[in-house]
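Protein chains in written order, with this note's numbering: chain A, 213 to 427; chain B, 213 to 427.
By construction, these hints were calculated from the structure, which means they are not laboratory data. Backbone N, C-alpha and C define an ideal beta-carbon position, used for all residues, glycine too. Each hint can be trusted.
Beyond 10 Å from chain A on every Cβ pair, some chain B residues (computed):
#1 Thr-218
#2 Gly-226
#3 Leu-237
#4 Ala-247
#5 Gln-251
#6 Gly-262
#7 Leu-309
#8 Gln-310
#9 Ala-392
Some chain A residues well away from chain B (every beta-carbon gap over 10 Å; in silico):
#10 Leu-222
#11 Gln-234
#12 Ala-238
#13 Ile-259
#14 Glu-273
#15 Glu-277
#16 Asp-288
#17 Ala-289
#18 Gly-298
#19 Asp-317
#20 Arg-358
#21 Gln-359
#22 Gly-360
#23 His-398
Footprint (simulated), chain A over chain B, 3 or more residues, beta carbon under 8 Å:
#24 356 to 368
#25 372 to 383
#26 396 to 410
There are 2 protein chains.
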Amino acid sequence: MAYRLTEARLQKDGEQRERILQLALARVAEGGFAALTMQGLAEEAGIATGSLYRYFRGKGELAAEVFARASQREVDALALVLRGAGAPAERLTQGLLQFARRAWDSRRLAFALIAEPVEPEVDEQRLLYREAYAELFVELLEDGTRQGHFRPGPPSLVAACVVGAIAESLVGPLSPPARAARDAGHPSLSLEQVSQALVQFCLRAVGAPLPEDER
Amino acid sequence: MAYRLTEARLQKDGEQRERILQLALARVAEGGFAALTMQGLAEEAGIATGSLYRYFRGKGELAAEVFARASQREVDALALVLRGAGAPAERLTQGLLQFARRAWDSRRLAFALIAEPVEPEVDEQRLLYREAYAELFVELLEDGTRQGHFRPGPPSLVAACVVGAIAESLVGPLSPPARAARDAGHPSLSLEQVSQALVQFCLRAVGAPLPEDER
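All chains should be modelled from the sequences, with the hints used to inform the complete structure.
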């Protein structure tokens with residue numbers, strides 16, 4: 213009987229932890245990591261702040277877990293396209309377009325994941341997830357090279373360059389100043405302009421010449 | 213008389229602050245931001261830890277200032293080459309080669325600046341300095357486009373892509389695991405391989421076709 217009680221308790225703890233994580237994710241999607249405070253989250257979850265520390269050792273651990281959860285969704289979505297059907301250049305194009313569109317659809321969250329200044333624990337996760345993205349591009353680059361469509365340098369390095377280019381190209385358009393300018397009606401780059409420039413940049417960079425480059 | 217004393221005191225304070233900053237910079241160059249502790253630094257400077265807080269409000273502010281000092285050196289060095297003499301493609305090439313070589317010569321410091329997980333105050337500075345680098349590349353891209361050597365997309369966006377590619381291409385080779393592998397005698401990419409791949413990637417990406425791409 214004691215054993216069953218413990219099992220029930222563990223399951224309940226797991227469910228509570230998951231519920232807190234979902235609330236935390238929603239907060240970051242709404243206001244970035246700056247909006248993720250232990251006290252505010254505890255209030256929203258209807259538990260004491262002290263109890264929150266039973267589930268997460270601190271803000272850093274919680275933020276890192278939110279980051280990993282949200283980033284894994286993006287890695288999975290990108291993997292589906294990069295490993296999907298079609299010629300390598302087309303998969304690269306579609307992967308970039310999808311990544312930019314998903315970031316655009318959740319700008320606050322995307323900026324939080326890519327560049328918001330935050331606890332070192334999240335920086336650690338950023339390094340890990342950049343590697344996860346890079347591995348997907350390594351696969352694609354090797355595939356494209358075998359099929360004669362790409363002529364990149366060392367795949368691990370070129371994949372890192374692609375990941376860096378994607379992230380950095382989105383930092384500006386997604387950053388708080390850019391969002392404020394757009395909200396105030398000032399002109400700024402559209403999703404289409406950003407996507408198109410990113411696709412052109414990356415296709416050229418991996419040695420997949422574009423129609424407009426033929427001469 | 214009182215006025216002169218105050219002036220002398222201010223100057224002495226400024227010199228002491230500068231001395232502490234130099235010690236802090238040396239620590240980061242040696243062991244990254246992880247090696248920068250207020251207590252260790254105070255001991256090395258021969259002052260009480262409490263006194264250190266008279267000069268810097270905390271580890272975050274100190275680390276941010278060390279970051280800015282070291283990064284400004286890199287921005288200045290890059291500006292000299294990118295704004296120097298020569299055709300735009302040659303300046304881009306030389307700028308990339310110099311940046312990679314300088315990073316290679318101070319690997320621990322370069323990794324600390326580019327990617328070491330650290331206080332949010334340093335992340336803030338990273339965003340600012342990435343923009344400073346990007347502005348240099350915008351100038352070069354516009355110059356190269358006017359001269360008909362480059363055919364990039366929107367310069368601000370392409371410059372960001374270049375900055376991202378540079379940073380991310382160096383993260384792997386400079387990271388602690390890569391340094392450990394090299395120290396243990398395992399094969400890893402050389403400076404020449406990394407530099408060459410980065411130059412090829414960026415020249416192609418900005419629409420400056422390489423000799424090997426002509427066909």
